[in-house]
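Q: As a plain string of letters, each chain reads:
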Amino acid sequence: MEPLTAMFAIILGGVLVGICVHFIPASATGAMSAATGIATGPSMLSAGAGMAGILSAAYSMDSGLAVVLASGATGSALMMVLTILGGNIANAFGTGVSPASGQTASGQSILGKSTKDAITGWDQKPYISPGTDGHGMPVQTHISGLIGAFIGGIGGALVLFAVYTLLAPILKPEAAFTIAGVIGAGVFLINSVLPAYTLVGKTEGMFDQKIRRTPKTLISCLIVSTVIAVLIYSAAVVI
Amino acid sequence: MNMDIKKLEQICVHLRSSAVYKFLCINKEFTSPQLYLIALVLGLIAILMVKFSHSLTPIAVILIWPAFLCGANAVRQVARYGLGTGTASIGYWGTAVGATMAFTSQFINPAYNFVSPYFEIFGALIVGAVTGICAQKIIKMKIPVMIRDSAVLASSTAIIAMFFLAMLTEYSAQVFTLDAYITYPLIYIAITLAILHPFNGSMGAGENQKRTLRLSALEASMTTGLFGLIALLFSEALFLTGVSVIIVSTAGFFIFVKRWFAAVKEDTYEFAWTGYPPAEH
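Heads up: the sequence lines are chains X and Z, in that order.
Residue 189 in numbering that gives the first Met the number 0 sits at position 190 of the first sequence; the count goes up by one each step and never skips.
Residue 86 in numbering that gives the first Met the number 0 sits at position 87 of the second sequence; the count goes up by one each step and never skips.
No lab work stands behind these hints: they were computed from the structure.
One should not assume that every hint holds.
[Unchecked claim] Taking beta-carbon pairs under 10 Å as the criterion, some of the chain Z residues facing chain X (in silico):
#, residue
1, Ser88
2, Trp92
3, Ala95
4, Ala98
5, Thr99
6, Val129
7, Ala134
8, Ile137
9, Tyr187
10, Met221
11, Leu232
12, Glu235
13, Phe260
14, Lys264
[Stated by the list, open to error] Far from chain X, by Cβ distances over 12 Å, these chain Z residues were calculated:
#, residue
15, Phe102
16, Thr103
17, Val114
18, Ile125
19, Lys136
20, Pro184
21, Ile186
22, Ile229
23, Ala236
24, Phe253
From the three backbone atoms N, C-alpha and C, an ideal C-beta is built for every residue, glycine too.
For reference, chain X alone in the conformation it holds in the complex (with noise of 0.2 Å):
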């Protein structure tokens, strides 16, 4: 990969992972089985995704750019999977609340007035307990999640993947390498912060009104990452 090739690569990348917390399911008040979501904030679990994909990408980083860019979206898949599997387990058998989503329910998700889910049609409105917004992650919200810590994998992957190009030549292998890894975490960090702001701490995934106001959030991770990236360049090829 050409050092402007890998410059493009990072803000790609850092704009992916914006994208990405829009589809991934999140909320506080979660943690009290009040709200539909994963009981963290938004940008938290996203980033705990992208260090997922990260680290796996890093295992298959002499197999070139697909097999990466494959790696990362696996291993961060398979952290939300798993978050979502432990979370509903705890619900269910724990609290003792089925997984329903809360705006599908109330007829306010981009579904339209529907309470139905969106894949498999069961109705969430009889499921949801009195005073919650849901609880739990519903099959809908689920597979929103898979594509959000999926794409978010991709984008933490082409990072970590393009800062190793960049430095590769300069540095000695172990070192590139480990920096490429906490710089690709540290954009993971910067860019998965930026859409918590428009989420306002919550969203039930694809499926959430909120998931109209993704081009702000677009639009913001563009012009942060383009700033980072030009910096990294500057350093790392310029001066």
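Based on these hints, arrange chain Z on the given structure of chain X.
A: Coordinates of chain Z only, in the frame set by chain X:
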């Protein structure tokens, strides 16, 4: 004896009304630009001192503490408005910008080493400001201090990261900054915790800047002490640096823990003696 006490009281009254006391802002809050100016000047001096001679590290460690206070205050300023993300997230974000920029110093051609640490610190300031502008203008967040404090937060973490990178280096003993790459994740997480925790640990109805900054100073001394230990284990050439940093940080820790605990007791005096909430007596 009574005369002595009266004289002492008069001196105390005189001191409290003096300009020096007011300048130290004991009763009034520091603003972000004030703290940033102190952190930037002292931080740059600290980094340059360590680069000039490693024997000056124990003094430089004291000069880097204001950067921790500045970062913690920036988190406090932004998080007080109620973010769309948590206090932890903004701390992670700030350090992500600062530490990422600091680590880019490793790519710079040694012939252009003179641009470091200015390139990294001002690079972080730019990225922080751009993120603040995006949050304010594109995402339309209603936080008036967003641009200023995002920039201050990112830059102050870059100052701290650059200092730790310089501290773990001893050119005369062939321990180069690049050799410290295994400590990068630790540098990242340690700075993050020291920056985000003071406000997170003090937040609530009675939160005030004095107590938050005292907790921040306490955590700053703990963090520098930790890196003194790392320097000690990292290389034999850094043995004296490590020991001296641990001694200075421990002294700072005991001073700050006393000051912080005094502030805690002062803020909770209503509860300390009765054992009942104020509404019940």
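Q: For Ile186 of chain Z, which was marked as not at the interface, is the minimum beta-carbon distance to chain X over 12 Å?
A: violated (9 Å)
Q: Holds or violated: the hint that Lys264 of chain Z contacts chain X, with Cβ atoms closer than 10 Å.
A: With a closest approach of 32 Å, the Lys264 of chain Z hint is violated.
Q: Compute the least Cβ-Cβ separation between Val114 of chain Z and chain X, then decide whether it is above 12 Å.
A: violated (6 Å)
Q: So, Ala98 of chain Z near chain X? Judge it on the closest CB pair being under 10 Å.
A: holds (6 Å)
Q: Report holds or violated for the interface hint on Ala134 of chain Z, using the least CB-CB distance to chain X and a cut-off of 10 Å.
A: holds (5 Å)
Q: Would the hint on Ser88 of chain Z be counted as holding, given a Cβ-Cβ threshold of 10 Å to chain X?
A: holds (5 Å)
Q: Determine whether the non-interface label on Phe102 of chain Z survives the test: each CB of chain X must be over 12 Å from its CB.
A: Given a closest Cβ separation of 6 Å, the condition is violated.
Q: Taking the closest Cβ pair, is Met221 of chain Z under 10 Å from chain X?
A: Hint violated; Met221 of chain Z Cβ to chain X Cβ min 22 Å, cut 10 Å.
Q: Could you let me know if the closest chain X CB is still more than 12 Å away from the CB of Ile229 of chain Z?
A: Nearest chain X Cβ is 16 Å from Ile229 of chain Z, so the label holds.
Q: The output says Phe253 of chain Z does not contact chain X. Does that hold with a beta carbon cutoff of 12 Å?
A: holds (33 Å)
Q: Against chain X, run the beta carbon of Ile137 of chain Z and see if the smallest gap drops under 10 Å.
A: holds (5 Å)
Q: So, Ala95 of chain Z near chain X? Judge it on the closest CB pair being under 10 Å.
A: holds (4 Å)
Hint compliance for this structure: hints 10, 11, 12, 13, 14, 15, 16, 17, 18, 19, 20, 21 are not met, and every other hint is.
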